[in-house]
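Asker: Residues per chain, in single letters:
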Amino acid sequence: MPLVRVSLRKGKPAAYRKAILDGIYRAMIATFNVPDEDRFMVINEHDEADFSYSPTYFGINRSDDLILIQLTVSNTRNVEQKKALFRRIVENLEAGPGVRPEDVFINLVEVDPANWSFGYGLAQYVADKT
Amino acid sequence: MPLVRVSLRKGKPAAYRKAILDGIYRAMIATFNVPDEDRFMVINEHDEADFSYSPTYFGINRSDDLILIQLTVSNTRNVEQKKALFRRIVENLEAGPGVRPEDVFINLVEVDPANWSFGYGLAQYVADKT
Amino acid sequence: MPLVRVSLRKGKPAAYRKAILDGIYRAMIATFNVPDEDRFMVINEHDEADFSYSPTYFGINRSDDLILIQLTVSNTRNVEQKKALFRRIVENLEAGPGVRPEDVFINLVEVDPANWSFGYGLAQYVADKT
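Chains as they are written, first to last, in the working numbering: chain E, 1 to 130; chain P, 1 to 130; chain Y, 1 to 130.
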């Protein structure tokens, strides 16, 4: 069920952007109990004036290749699983398309399992009483 | 107070997109205790490389007409209300602009009523102590 | 750690948009216990059909200059801090670039401090047990 929203600067080729989504998707499958094919991901590309970041916060040397990743997920994972997800996303994106580990920013938003509908207007993660 | 963010592929006419927002808005009024005129909605249109989804997850046959709907709402509704909202959104969007029920993905993000300001920098949903 | 997403109508110059982000950033530093340089902000610019709002909700007279601000933050502030943030954002944006207080909509999404990674795939806000 993750809904993944990636924000980055305009100008990267489609193959690069596709590789980012693939890397995040594979990390979720491998570390976060996300089932195969549970893939709903979008990218927003931004002009310079619409993309503002600190090049130094937390002592990390970021560049214009920074990728902001926001994943909305069910609230069913513990801290160790979150850490594993973060590590794996960074490893995958470094392997391809070649994003520096300094340039990966990740944020999780957690919601109740009842807060998802995957089609037909049903809440697939909660049992139906009717 | 819902803040509604819709993501879809580029290429739909303005009337189609407007009908999507109208359908979601009417569903919130009808099923989710949302007052009239409480309407704050945006659409992000995406290139193919920026919009990635599973055409099969949960056994649902999705197409490029898929609509990803994320509603940020106050945490004041129960599961039955959520189910009613999901159903109604899908019914409305099928009636107009004609979205297939398989192509409607919905996610709710719930927040505290204190987390909203509708103007003037006030937190309109919490009583002012000063 | 705030991740700030601003949505507005297309057509504002870059300096105007940059001033919006600067004003929000300074408000977070001043009122919300956000450290210097903790800045991760994006703007989405929308066509008319992709940006829909009530011009009257809560008796507030909004215009097409409306700015929808969604801040994802750690769940560590109280209501008074939220109110102070809202007030300061509105004051700052009125001072420059000159946004009407009626045209500032703010929403907070709160998450656990473990839900952030600022680079290197680490969860910088939670102690490492390994």
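To be clear, the hints were calculated from the coordinates, so they are not data collected in a lab.
Some hints here could point you the wrong way.
All copies of an identical chain are treated as equivalent in the list; a pair is satisfied when it fits inside any one copy or across any two copies.
To be verified - In the EDC-like style, the derived pairs of lysine to aspartate or glutamate whose C-alpha atoms are separated by at most 16 Å in a straight line are:
(1) K12 - E48
(2) K18 - D112
(3) K12 - D64
(4) K12 - D36
(5) K18 - D47
(6) K10 - E48
(7) K12 - E80
Asker: Each hint needs a verdict: does it hold in this structure or not?
Answerer: Here is how each hint holds up against the structure:
{"no.": "1", "hint": "K12 - E48", "verdict": "both (13 Å within a copy, 14 Å between copies)"}
{"no.": "2", "hint": "K18 - D112", "verdict": "neither (29 Å within a copy, 29 Å between copies)"}
{"no.": "3", "hint": "K12 - D64", "verdict": "within (11 Å within a copy, 22 Å between copies)"}
{"no.": "4", "hint": "K12 - D36", "verdict": "neither (27 Å within a copy, 29 Å between copies)"}
{"no.": "5", "hint": "K18 - D47", "verdict": "between (19 Å within a copy, 11 Å between copies)"}
{"no.": "6", "hint": "K10 - E48", "verdict": "both (8 Å within a copy, 15 Å between copies)"}
{"no.": "7", "hint": "K12 - E80", "verdict": "neither (32 Å within a copy, 42 Å between copies)"}
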